[in-house]
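Protein chains: 2
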Amino acid sequence: MSHDLLPPALARALADLLGDDGLLTDPAERLTYGYDNSRRQAMPAAVALPTEAVQVVELVRACRRHGMPIVARGRGTNTTGASVPVAGGLVVSFERMDRILRIAPDDRLAVVEPGVLNGDLQRAAGEHGFFWPPDPTSAPFCTVGGNIACNAGGPHAVKYGATRDNVLALAAVTGAGELVRCGTPTTKASTGYDFTRFLIGSEGTLALVVEATLKLTPLPPLRRALRALYADVGSAAAAVARLMAQPVAPSMLEFMDGDCVRLAREVGGADIPAAGALLMIQADGDAATLEHAVAALSRAAQGPGLVALDAAPDQAAGERLWAARKALSPALRTLAPGKINEDVVVPVSRIPALVDAVQAIAREQDLPIVCFGHAGNGNLHVNILHDPADVAQSQRAQAALGRVFDAVLALDGTLSGEHGIGLLKRDFLARAVTPQTLALMRAVKAQFDPDGILNPGKLLPEDV
Amino acid sequence: MSHDLLPPALARALADLLGDDGLLTDPAERLTYGYDNSRRQAMPAAVALPTEAVQVVELVRACRRHGMPIVARGRGTNTTGASVPVAGGLVVSFERMDRILRIAPDDRLAVVEPGVLNGDLQRAAGEHGFFWPPDPTSAPFCTVGGNIACNAGGPHAVKYGATRDNVLALAAVTGAGELVRCGTPTTKASTGYDFTRFLIGSEGTLALVVEATLKLTPLPPLRRALRALYADVGSAAAAVARLMAQPVAPSMLEFMDGDCVRLAREVGGADIPAAGALLMIQADGDAATLEHAVAALSRAAQGPGLVALDAAPDQAAGERLWAARKALSPALRTLAPGKINEDVVVPVSRIPALVDAVQAIAREQDLPIVCFGHAGNGNLHVNILHDPADVAQSQRAQAALGRVFDAVLALDGTLSGEHGIGLLKRDFLARAVTPQTLALMRAVKAQFDPDGILNPGKLLPEDV
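Those protein sequence lines, which keep their order, are chains A and B.
Everything in the first sequence is counted per the working numbering, starting at 1 for the first residue and increasing by one.
Everything in the second sequence is counted per the working numbering, starting at 465 for the first residue and increasing by one.
Read the hints as simulated data drawn from the structure, not as lab findings.
The beta-carbon is built from N, C-alpha and C at its ideal position, and this holds for glycine as well.
Any given hint could be a false lead.
Claimed, not checked - Here are the simulated SDA-like pairs of lysine to any residue, each with C-alpha atoms no more than 25 Å apart in a straight line:
no. : chain 1 : residue 1 : chain 2 : residue 2
1   : B       : Lys623    : B       : Leu785
2   : B       : Lys623    : A       : Pro220
3   : A       : Lys159    : B       : Gln710
4   : A       : Lys445    : B       : Lys909
5   : B       : Lys623    : A       : Asp286
6   : B       : Lys909    : B       : Leu893
7   : B       : Lys623    : B       : Ser762
8   : A       : Lys445    : B       : Pro914
9   : B       : Lys623    : A       : His128
10  : A       : Lys159    : A       : Gly177
11  : A       : Lys159    : B       : Ala709
12  : A       : Lys159    : B       : Ala764
13  : B       : Lys623    : A       : Ala104
14  : B       : Lys909    : A       : Gly177
Stated by the list, open to error - Sample of chain B residues with no beta-carbon within 12 Å of chain A, all distances over it, derived:
no. : residue
15  : Gly483
16  : Ala603
17  : Ala775
18  : Pro777
Use the sequences and the hints to build the structure in full.
Dropping the structure here:
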């Protein structure tokens, strides 16, 4: 059965429920809700713009009666195709459920609707001296609901955790149209099965989140950056292990491989020494403690293979130390118009082996592949550069992607650290988990979503 | 069907599988595996002592064929009756699966069997400069598997998290006899549904954990204690909120209410000023940072209602500041031979309201009830003192318990912060979660354990 259009009875029911301006059916309007940052696109049958949880309950029940697929949507900044309505059906955009319901400084929490922008939440929490740790690059325009869907991270996760570590409670509507409440507005709880963390990272395939209680963290008033260059990736990885093994946790610990350093220098024009690898290290704290934190991180950064260690005396100088990273993105674009950017993750000690494996794959497939990313978590962004207009190159890029995933899994890593699986990686999931685990994922999914209407075609591979 | 004895065919199969000394059937031996720290006791049909995961897979399959209940057991230190075999069946003690398989300092992780003692793990990790944050009072003789079963916490959870925050991956055998592997040995992952955190706190009702990959944390070399006394609980709770709202996280933040302070002084003989509430505050760090951390916590501890603030110049003096807490337990025993100790949790701002409610319940039921515990997490241990030999008093204690839970739930809290539900609190679970959430818990349990053989009668209330 096609889900390109709403059956008239369902269209009437949804229009009654959502009001005249709460259901978009015009193709020109629907089109803009059919893409995400994966560059994939598909046409939904309609777009719902609910304003309250009870509407979400009712719209799921109505869709379920018609077997109509439902795709929850924040702002479409995800990179995996998770919010592309490949099976048609109803896109539920949470853009009108964007309120911060409550900030409770004494309890260090915020209660929000899923459509609130990460950046808006940060501003509101900042007025009370707090922040919410997940900080993906898209923070100004991505939603908290989307962060929950893919277990978003960002550079500060190395000290403060990713989304799963920073959510206390959720209210969500299952595919059966039941509103479930899980978790407690406390930082400790041991009362039955933990659906809160289970829903995080489930990419809209189990339930639609309609309210989230977020754990806030006191905002350190000061930050200071260090930039360390190493002769090779092995020396940098050993430094990462030293930095993570001492008690002063870096608030950021970012990595660039030698190709990235070379591109930033030679193509991007960054004024940095030649080196085989680069680490950007950040300390945070207050006036009394920051110096000591910087000193501890400087000591840990030093070791065999260190080429240069630069400290930024203040925040502005810290920004200038990022020149290499900033020069990198335009440099990559001059090399090739297209890139496949995968956020694989490996144990920290395996970073050199991963970079070696990636370089071998790059030679084998005759394509530039560069690695940079969140080294403290072993979460590297592997960028396979290619020209999408060149069919042979694109095929080699796809072949390289499969080989990268195989290398990551052989190194005890996994497919994604913070982007999720979505559409683009679902066919690789069966390589990453055992058949027994995959069978259990399917069985549990069926309890949340008995008719399989929630985000079909995502996360789980096709059941053949 | 009775599960007091193994059917002969099952007894033979298990003896073949586990060897002569791997299956205990003598009543005197079985008896010692039938209790836990809840003081409840029941007789299992037999006790299995597996030495490897493959035996656990086979014994679950054998028990499933006979519909025989299975109760996983660490060392029985839990307080909720979760390891008491109330339905008979087979107790699986993990005492022979107690190996530390691997400690990887560069990857900040340890891979262990479930029967390893928490204290043994801490010693082994300490040799590499690390610790594993969960530190229940029973740490020297409780197992990591037991910590995982009830999502154990302890005083350091306020800074470093409880068990759920410190486990990266698990291997576990479901009630269907399938070995599932979940998680990755990395601190970030977004690859399908998160069974790792879901199994933590599930009290052996979903699967038997046979291997755990634990996240280790660098051990701060120094710790320093502060003791703050306040005029009333409200002033102390305001100080807790201030302490938690600034960037230097206390490594412990323990609370005693005014009755505890009075008992410690008048009955226990502790040399402390009279006060309405007490906080024990701990900072950790190294020689360069500790002073600053202590100063930051001292500033935050000061405010309206502060009666006295004492700093311990060194670790030994810190121990002496604990005199009040140490005097408390014997003082409580002189008041009444029995106590019901529940580890409820509320948002930090609700601590004063909880203590008020508990005092009202104490007056109403004419029983002493005192509160102390992990204030930074809002996780208070409510101790209802009574004489178990006095039937009327015991009935009033039970009535008080129900009223305490109602008060906690009305304050947005929940039944347990770190002990779990087990046998003793299962009848209260339906007050803490909605019918929809409870139904989903049952539905998911059935996917892990289709025949309901794993720890029957625990966590979930009877399905009537």
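The hints, checked one at a time:
{"no.": "1", "hint": "B/Lys623 with B/Leu785", "verdict": "21 Å, holds"}
{"no.": "2", "hint": "B/Lys623 with A/Pro220", "verdict": "15 Å, holds"}
{"no.": "3", "hint": "A/Lys159 with B/Gln710", "verdict": "16 Å, holds"}
{"no.": "4", "hint": "A/Lys445 with B/Lys909", "verdict": "13 Å, holds"}
{"no.": "5", "hint": "B/Lys623 with A/Asp286", "verdict": "18 Å, holds"}
{"no.": "6", "hint": "B/Lys909 with B/Leu893", "verdict": "15 Å, holds"}
{"no.": "7", "hint": "B/Lys623 with B/Ser762", "verdict": "17 Å, holds"}
{"no.": "8", "hint": "A/Lys445 with B/Pro914", "verdict": "16 Å, holds"}
{"no.": "9", "hint": "B/Lys623 with A/His128", "verdict": "20 Å, holds"}
{"no.": "10", "hint": "A/Lys159 with A/Gly177", "verdict": "37 Å, violated"}
{"no.": "11", "hint": "A/Lys159 with B/Ala709", "verdict": "17 Å, holds"}
{"no.": "12", "hint": "A/Lys159 with B/Ala764", "verdict": "23 Å, holds"}
{"no.": "13", "hint": "B/Lys623 with A/Ala104", "verdict": "19 Å, holds"}
{"no.": "14", "hint": "B/Lys909 with A/Gly177", "verdict": "20 Å, holds"}
{"no.": "15", "hint": "Gly483", "verdict": "26 Å, holds"}
{"no.": "16", "hint": "Ala603", "verdict": "17 Å, holds"}
{"no.": "17", "hint": "Ala775", "verdict": "16 Å, holds"}
{"no.": "18", "hint": "Pro777", "verdict": "19 Å, holds"}
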